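Each protein sequence line maps, in turn, to chains Y and R.
Sequential numbering from 1 applies to the first sequence in this note's numbering.
Sequential numbering from 1 applies to the second sequence in this note's numbering.
Calculated from the structure, these hints are not laboratory results.
Please read all numbers here as calculations on a predicted model, not as lab measurements.
Be careful, since some hints might not be right.
Once the Cα atoms are required to be at most 20 Å apart in a straight line, the calculated PhoX-like pairs of lysine-lysine come out as [claimed, not checked]:
id: 1; chain 1: R; residue 1: K33; chain 2: Y; residue 2: K135
id: 2; chain 1: Y; residue 1: K90; chain 2: Y; residue 2: K70
id: 3; chain 1: R; residue 1: K33; chain 2: Y; residue 2: K33
id: 4; chain 1: R; residue 1: K90; chain 2: R; residue 2: K70
Protein chains: 2
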Amino acid sequence: MAIHLAAISAMQPFVFEELRKRGFVVHEVQHGKSWQEWVRELAPVRDEIRGVLSGGMSGLPRELIEALPKLEICAIHGVGLETTDLAAAKARGIVVTTAPVLFDDVADHALALALAACRRLVEADRFVRAGHWRKGRMGLGTSFWGKRYGIIGLGRIGSALARRLEGFGGQIAYCDPVPKADVGYARYETPLALAAASDILFLCAAGTPGGGPIVTRAVLEALGPRGVFVNIARGWLVEEEALVELLASGRLGAAGLDVFAREPEVPERLLALDNVVLAPHIASSTQECMRRMGECVIANIVEYFAHGRAVTPVSY
Amino acid sequence: MAIHLAAISAMQPFVFEELRKRGFVVHEVQHGKSWQEWVRELAPVRDEIRGVLSGGMSGLPRELIEALPKLEICAIHGVGLETTDLAAAKARGIVVTTAPVLFDDVADHALALALAACRRLVEADRFVRAGHWRKGRMGLGTSFWGKRYGIIGLGRIGSALARRLEGFGGQIAYCDPVPKADVGYARYETPLALAAASDILFLCAAGTPGGGPIVTRAVLEALGPRGVFVNIARGWLVEEEALVELLASGRLGAAGLDVFAREPEVPERLLALDNVVLAPHIASSTQECMRRMGECVIANIVEYFAHGRAVTPVSY
């Protein structure tokens, strides 16, 4: 008897093709909507669905767990867990897997944003394309090398970023609830203390559901008018209104932002600023990474239903 | 008696201010023009000028040497020497100095261009600002980490770039007339062989006057439709027409270009392409680097006229 899966997040077409080839029935639900709509769309097959294919942003909300009585596994095409109710999953014995294969791409993207913000690269491209070079030089950027780099969250992404930063001759420091024994980087107790000691501040922390913003107005003010803020984590971990206001008024130097509080909405005022580099949540959006994440989703589903063991389960 | 200097290249205002404060007379000539115009503008003071303040692109052409009979020193605000007639300078005993303090900034910029080209960062910013995110996702980029990096010219810029690339888990190879004994990177005999073995090719070579292009059509074709080319050296070291054609037709994957054959002119066809990141020759254009370069120019002039010895003279 065929195993039914519900896909509530966008992924590369090969994932569904491969699963169908292996005999699974994949119900593709319209993406980017709320759990209410997923539940409504899946109502006709609610008693068939044994697996959910989700994303780092959609996760596995409690309401979806409750709506799918036969659910056994949720394979997440990403690493975020803030929208997944792990307690409810555990209570039902539902296996949750992530795709822990994106850290290097995300770290690259963090560095790309930081370099572009410091060196005014996006502005430079606009300058050239608009024909302004013929009329004069553009303003100077800021050096990236040799600076004080602060990393909030020295997990797998933060560590991959730190490895890259070691080639730039600056000082690396971090803030993380868990001190890392095997690194030589200075550790600060709070994001505020780290920001005050940093030229370039990277937010690499995982989002914890229910927690407030990590990067508050005070943290951004401590970073200051020459400071650069980079966010490849989650938009709601930052006081976004303060971020926009400080960037617009020059009290924060520049920013490279891949994530926003209400994606795909981006604060209107940011769109007019030159001192910000904006990206549409693409830190893991490379062909290579999407391939690996898709393969990870397939492997988890196939292994689980063949042998009862997922490949990269989350421990809860 | 005051010492007269001719400034034929743009630099930060503090350079001229500091020199004037120290008693020098600085004649600022309109920048960005030809040696004919410099010579014409300097004609009234030609017998007074004992020092020239120039840039990496303007240099010290033979004609300027001939027009300034009292010239003793040329302090270059940069490192390029392809427009400087070193033989003529040597024959007259004119000291030529460069500002060898920009390597790290240029290496940073090379990496910024490469990351932006791979990760489609400039396109991403345009995508967000145009409001397209609300309508869907943009196309996928290419991973930067773990690739085969090829460096043409493993001098001070190329070496600074290689140090940075070591954090990205790929393979570093190079092509340089002089084998570097102290590095573990594979060396290729020709740019063509290096390009064929590279995913991302960086041109970091110094321009040699009279030499033809180093990066020919064949080199770019060897790099291929998935390859990325980065140029922070000189535009005329590349067959630019071939570069444009291959990028436009997809036979070269992407490019990050800081320099062009006929600056500030940029080939019109490039302005419409999404797979290219364009910058207006700003690899060393940071506040920190301009400050250091200016201080280097000042130190060379001051030391030379005080003690007869420049600080960073070119050996010829």
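Results for each hint:
1. R:K33 x Y:K135: holds (14 Å)
2. Y:K90 x Y:K70: At roughly 14 Å apart (the allowed maximum being 20 Å), K70 of chain Y and K90 of chain Y satisfy the hint.
3. R:K33 x Y:K33: Violated - the C-alpha atoms of K33 of chain Y and K33 of chain R are around 59 Å apart, more than 20 Å.
4. R:K90 x R:K70: Holds - the C-alpha atoms of K70 of chain R and K90 of chain R are around 14 Å apart, at most 20 Å.
When each numbered hint is compared with the structure, a violation occurs for hint 3 only.
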